[in-house]
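Enquirer: Sequence:
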Amino acid sequence: LLANQLKQQVRVYCFILTTPEAKSTKAVHVKATWARRFNGFEFISSEDDPSLPALRAVEIESRSVLWKKTIFGMTNAYKKHVDDFDFFMKADDDTYVIVENLRFLLSKLNPQDPIILGRHFKEPIRRLAVLGQHMDF
6 LLANQLKQQV
16 RVYCFILTTP
26 EAKSTKAVHV
36 KATWARRFNG
46 FEFISSEDDP
56 SLPALRAVEI
66 ESRSVLWKKT
76 IFGMTNAYKK
86 HVDDFDFFMK
96 ADDDTYVIVE
106 NLRFLLSKLN
116 PQDPIILGRH
126 FKEPIRRLAV
136 LGQHMDF
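Numbering (the working numbering), first residue to last: 6 to 142.
Treat the hints as calculated values from the structure; they're not laboratory data. Keep in mind that a hint or two might mislead.
Below, a list of computed lysine-lysine pairs in the BS3-like style, where the Cα atoms sit at most 25 Å apart [to be verified]:
#1 Lys12 to Lys84
#2 Lys36 to Lys95
#3 Lys73 to Lys28
Based on the sequences and whatever the hints tell you, model everything.
Expert: Structural data, given as structure tokens:
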């Protein structure tokens with residue numbers, strides 16, 4: 006199968022932001038479904054939890070520390086895993102990833118080239134609907 010070949014050829018690590026409160030409602034389900042399809046993954050939280058595995062990045066959880074958790078995840082990925090994986094991804098515990106499709110997309114890219122994939126929103130965003138919830142900025 007192409008998916009099995011690509012898993013060996015395109016090594017992808019994912020760090021996933023979560024909280025201790027979301028362990029039983031989100032994180033365990035992420036681990037049981039799409040996270041395990043990555044070549045490697047870790048959760049980033051405010052508590053260490055070897056069962057996920059989750060690494061402690063911040064003292065307390067709040068929206069104001071999301072960037073600190075992201076920086077911690079990137080730094081940890083680079084320090085511990087830079088030679089073991091070709092690509093790195095940041096996700097949240099309410100994300101769903103079809104890893105095989107991601108890996109197929111990444112197979113067309115050179116992992117030695119610096120690249121960031123994502124969605125650029127045109128500025129300024131004043132109102133955005135995400136999953137049916139309207140947010141004002």
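Enquirer: Confirm or reject each hint.
Expert: For each hint, the structure was consulted:
{"no.": "1", "hint": "Lys12 to Lys84", "verdict": "holds, 22 Å"}
{"no.": "2", "hint": "Lys36 to Lys95", "verdict": "holds, 14 Å"}
{"no.": "3", "hint": "Lys73 to Lys28", "verdict": "holds, 20 Å"}
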